[in-house]
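A.B. asks: What follows is each chain in one-letter form.
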Amino acid sequence: MTGLTTTDLPTVPVGLAEGDEMPLTTAGPMTRTDFVRYAGASGDFHPLHHDEIYARDAGLPCVFAMGLLHAGILGDQLARWVGPDNIRRFAVRFTGQVWPGDELTFTGRVERVEDGDGVRLAHLVLTVTRQTGDPAITATATAQIG
Amino acid sequence: VDDADGFAQLEPVGRPHAGSHAADGDGPDEPLAERGGVGGLAETVGADLSQVLHGEAAWEYVVPVRMGDTLTARQKVADVTQRQGKRGGTMTLVTIDTEFTNQRGELAVRRTDTLIEREI
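Chains A and B, in that order, are what the protein sequence lines are. Quick note: the first sequence uses the numbering used here, first residue 1, plus one each step. Quick note: the second sequence uses the numbering used here, first residue 1001, plus one each step.
Think of the hints as simulated: they come from the structure by calculation, not from any bench. The beta carbon of each residue, even a glycine, is placed where N, CA and C say it ideally should be. Fair warning: there could be bad hints in the mix.
Unchecked claim - Some chain A residues judged to face chain B by a derived CB distance under 10 Å, without partners named:
1) Gly-43
2) Asp-85
3) Arg-93
4) Thr-140
Unchecked claim - Counterexamples of contact, computed for chain A against chain B with all Cβ distances above 12 Å:
5) Arg-32
6) Thr-33
7) Asp-44
Construct the entire structure; sequences and hints are all you get.
C.D. replies: Here you go:
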């Protein structure tokens, strides 16, 4: 998940068509260290994500990932695919928690292409799925593709 | 969310529900609201931190953000609704809107978060 450089990123709209799929990527196994690194990067020091005792007191088996951590990785993949300046909208819905040891798969697909106002837009559906098959995120995005 | 003038800087409201977790020294040593992140959002609106989930997040990108830009964020509680949870109990859904404006006064990014507080 590291090594994203600006030279990798499309700078002009990428001509996608309905049914096109984002290159499949994976991340993990996710670790408590990943959560702590993201706490520092994001400023989110909610103790449920780094304090095992606090998490157990709250009735959870252990700490779990901030949703924005894997949402951010998904956003990276989206930016690689369509180019960061071409993303008009990105919306994620957190459908399940991500736990230490989880291995995540990131997918995306063009659901619909729309022409209007001199630009062509792609409406995308994206997912983050755990190794169990449970979805952690279902997402939609809109990207300019022409 | 049409009334942009209705946005206000949210002030930290302290840690009304930190309770015993903070007392035993395991909690954060400063209010989360001053550190940012979604935990900070939850604390800012006075939610019980241990019972809050991040339900949704959405970003609308209006003007590109470039290196050297200075962004000003304004947040407001846009909506609070309650509904019955699937396993009983009441869930409170809080929608928080954040607008990021650049140094030229242009709206660069509009973000919407939904926090879910479960009744204990």
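A.B. asks: Does each hint fit the structure? Answer for all of them.
C.D. replies: How the hints compare with the structure:
The beta carbon of Gly-43 of chain A comes within 4 Å of a beta carbon in chain B, closer than 10 Å, and the hint placing it at the interface holds. Checking Asp-85 of chain A against chain B: minimum C-beta separation of about 6 Å stays under 10 Å; hint holds. Using the Cβ-Cβ criterion of 10 Å, the hint placing Arg-93 of chain A at the interface with chain B is satisfied: the shortest such distance is roughly 5 Å. Interface hint at Thr-140 of chain A: satisfied, since its Cβ lies 9 Å from the closest Cβ of chain B, which is below the 10 Å cut-off.
Separation of Arg-32 of chain A from chain B is adequate, the least Cβ-Cβ distance of about 15 Å exceeding the 12 Å criterion. Annotated as non-interface, Thr-33 of chain A keeps its C-beta farther than 12 Å from every C-beta of chain B; the closest such distance is 18 Å. Chain B draws Asp-44 of chain A into its interface by the beta-carbon criterion, the shortest separation being 3 Å against a cut-off of 12 Å.
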